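Asker: Chain residues, written in single-letter form:
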Amino acid sequence: MTSLLQARRLSKTAYSALWSLPLPVWLAGFFLGPMVLLIWLSFWDVKNFLLTPDFQLENWQKILTAGYFWSAYARTAVIAASASVLATLAALPCALAISFFLSPRARMVLLGLFVVPFFTSYLVRIYSWQIYLTENGIVMKLMAAIGIETGSLLNTPLALMVGLVTLTLPLVIVIQAISLLSLDRTLIDAAYNLGCGPRRVLFATVLPAARPGIVLGALFAFIFSFGDFVTATYLGGGKFTTLSILIADTVKSGQQWPRAAVVALMMIVTLLLTALASITYAYRRS
Amino acid sequence: MSQAHISLKNLRKTYGAAVAVENLDLDIEEGKFIAIMGPSGCGKSTMLRMLAGLEESSSGDILHQGRRINDLPIWEREMPMVWQSLALFPFLTVRENVEFGLRMNGVGAAERKHRAQVWLKKLGLGEYADRGINQLSGGQRQRVALARCLVTEPSVLLLDEPLSALDAHLSVQMQGELKRLQRELGITFIYVTHSHSEAFSMADTVVIMNKGRIEQAGSPEDIYLRPATPFVAEFLGGSSIFDCTIRPRKNGELVLESADGTFKTDALKTAGLAPGQHVSLVVRADQISITPAAGWADNEVPCRVIGEEFVGALVNLRLETGAGTQITVQLQQRDMQTLDIEVGVGVTASWHPEDGHIITE
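From first to last, the protein sequence lines stand for chains A and B.
Our numbering applies: residue 558 is where the first sequence begins, and numbers increase by one.
Our numbering applies: residue 1052 is where the second sequence begins, and numbers increase by one.
By construction, these hints were calculated from the structure, which means they are not laboratory data.
Treat the hints with care, since some could be wrong.
Unchecked claim - Cβ-to-Cβ under 8 Å is the rule here; a few derived chain A residues that face chain B:
1) 750
2) 751
3) 753
4) 768
As the list claims (entries may be wrong) - List time: in silico SDA-like cross-link candidates among lysine to any residue, alpha-carbon distance up to 25 Å:
5) 1164(B) to 760(A)
6) 1315(B) to 1325(B)
7) 809(A) to 595(A)
8) 1164(B) to 757(A)
9) 1164(B) to 746(A)
10) 1320(B) to 1272(B)
11) 1172(B) to 1161(B)
12) 796(A) to 623(A)
13) 1164(B) to 763(A)
14) 1320(B) to 1412(B)
15) 1164(B) to 758(A)
16) 1164(B) to 809(A)
17) 1172(B) to 1112(B)
18) 1301(B) to 1276(B)
19) 1083(B) to 1061(B)
20) 1262(B) to 1276(B)
21) 1230(B) to 1262(B)
22) 1060(B) to 1073(B)
23) 809(A) to 605(A)
24) 1315(B) to 1300(B)
25) 1164(B) to 745(A)
26) 1164(B) to 841(A)
27) 619(A) to 810(A)
28) 1320(B) to 1401(B)
29) 1164(B) to 840(A)
30) 796(A) to 706(A)
31) 1301(B) to 1351(B)
32) 1060(B) to 1112(B)
33) 1164(B) to 765(A)
34) 1164(B) to 761(A)
What the hints assert, rightly or not - Anything over 12 Å on all C-beta distances counts as not near chain A; from chain B, calculated:
35) 1060
36) 1061
37) 1067
38) 1090
39) 1130
40) 1135
Quick caveat, the model's predicted, so the values are computed rather than measured.
In this text, a Cβ means the ideal position worked out from N, Cα and C, and glycines have one as well.
I would like the entire structure built from these sequences, with the hints used as guidance.
Answerer: As structure tokens, this is what we get:
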């Protein structure tokens, strides 16, 4: 009897172990491993365009004291933050409408539509924006038709924002909508019940209650924009050197993989800190 | 005649073809504690939500101090509610939760803070003002929900099963506090619950609803001693109900004839009851005793014991008569031993003619 029970217990343990196996394997193989390699690489040396294992601090000194690194860092941060704010503000009315004014059926259809952009490669979508924004492109002609003369819109901050919002908006809308949909509607009734009129309820109750989702959406937009290479390259024309472009340049010029690793690690640390700060803020009380 | 604080006149609420509340008439006096009870779906919550403005009435009037408020939006009704889920704002601190209603009504920051603090202290939450809602216990949250409503100094407080999430001990403690608060403040409490003990321990008036209608409204004592309908007697539980017909005896005395035998009841002497009339006889569990053998008393019914339920020092004995009527008897724990009762044995239940309440149909 006991042995049978023991055997059963054992097979149960084995079963749950089998199912929990992929997670640590995946984490080790695709996250921890590369991270360790990256950190290790950042201390290597490059001799005659050849990577040489080493342990020296020169890469870190070079990058962290370089003015071009910090200006790229600041530029990337400003661009990502702007895109994040823009996407959040653009998404809010949509997410509010989806969550509060649509029938459940229309809501499902619309949320489904926000997945459609992901059917097409982001690169292809950015290429199409080039055609829209280029000299004598569709946007420029339309603007001219209503009497606004513009030059080429390519390689402007506007083009950058268009590209990054294209990348992030659908995701931000979906995250915000999920957060607004899971909001306890009794809280809104309770606010009304305490004398909060419909014009104040948005800022006094709905948005504060949905803050975790709104902050999380903004965080995702920031993370995607911070590391983006495609928009900066094809819509910014390399005019705006972001950290991703800096990494590419560093690798191209003289096989400086170790210095590129330093830049990449700085990006990772920045994003981790941003994520930590955002999540802390999202769940803090007013 | 003094004007009722809140009056419901012919109030009705339908959802399509389904009737949630049917032609409700109710006058609520100022400063009273009203408990509204009934089974799930009886319309009690719908009625409360109509009062608060969360549901629109289909027809009829809701009067607040004589003024019709049906068309007032929720935020202008000034009838704060303690919600079943409490609905405290998780993104605000305890103090900010309590200040919310004042903030919405344009009370300045300093006064808001002061008034919130007064109420938090009064409810024993003074030191928790800067905590988050999730850092409080169930009972503390309950008090925050109360403070959040009472700080606005309303003339009426709506409570929607506020204690249902608390454990039994805490619930009893809160019942005492609620009653004390209501008495001190002298404001009207309208309290929806499905719990008998909550309703009967706190309320001045108990309203029993069924299928969207009021079955009976009265003092707890009145409802307990004189249930107006078989539904009320059954809903309150602990009573045995016999379907009877009034029959005259040769000496002119009226008796009740039922499938379980013929019963003498003093209540038959009241005027207005005629032979042939169909009535229900309600006998409370504490009025029925067990006699070891037949022939000792009036109103004897032979039964079989089908269940026992221990409630502290008392035992609720469930019996079934030969005709299938269920009878509940309340005994002292020690009587169980002397009478040697166990499930399956035959016993005789009896009650005095002066006990027993008649419900005409």
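Asker: Flag every earlier hint the structure violates by its number, smallest first.
Answerer: Violated: hints 16, 17, 18, 21, 39 and 40.
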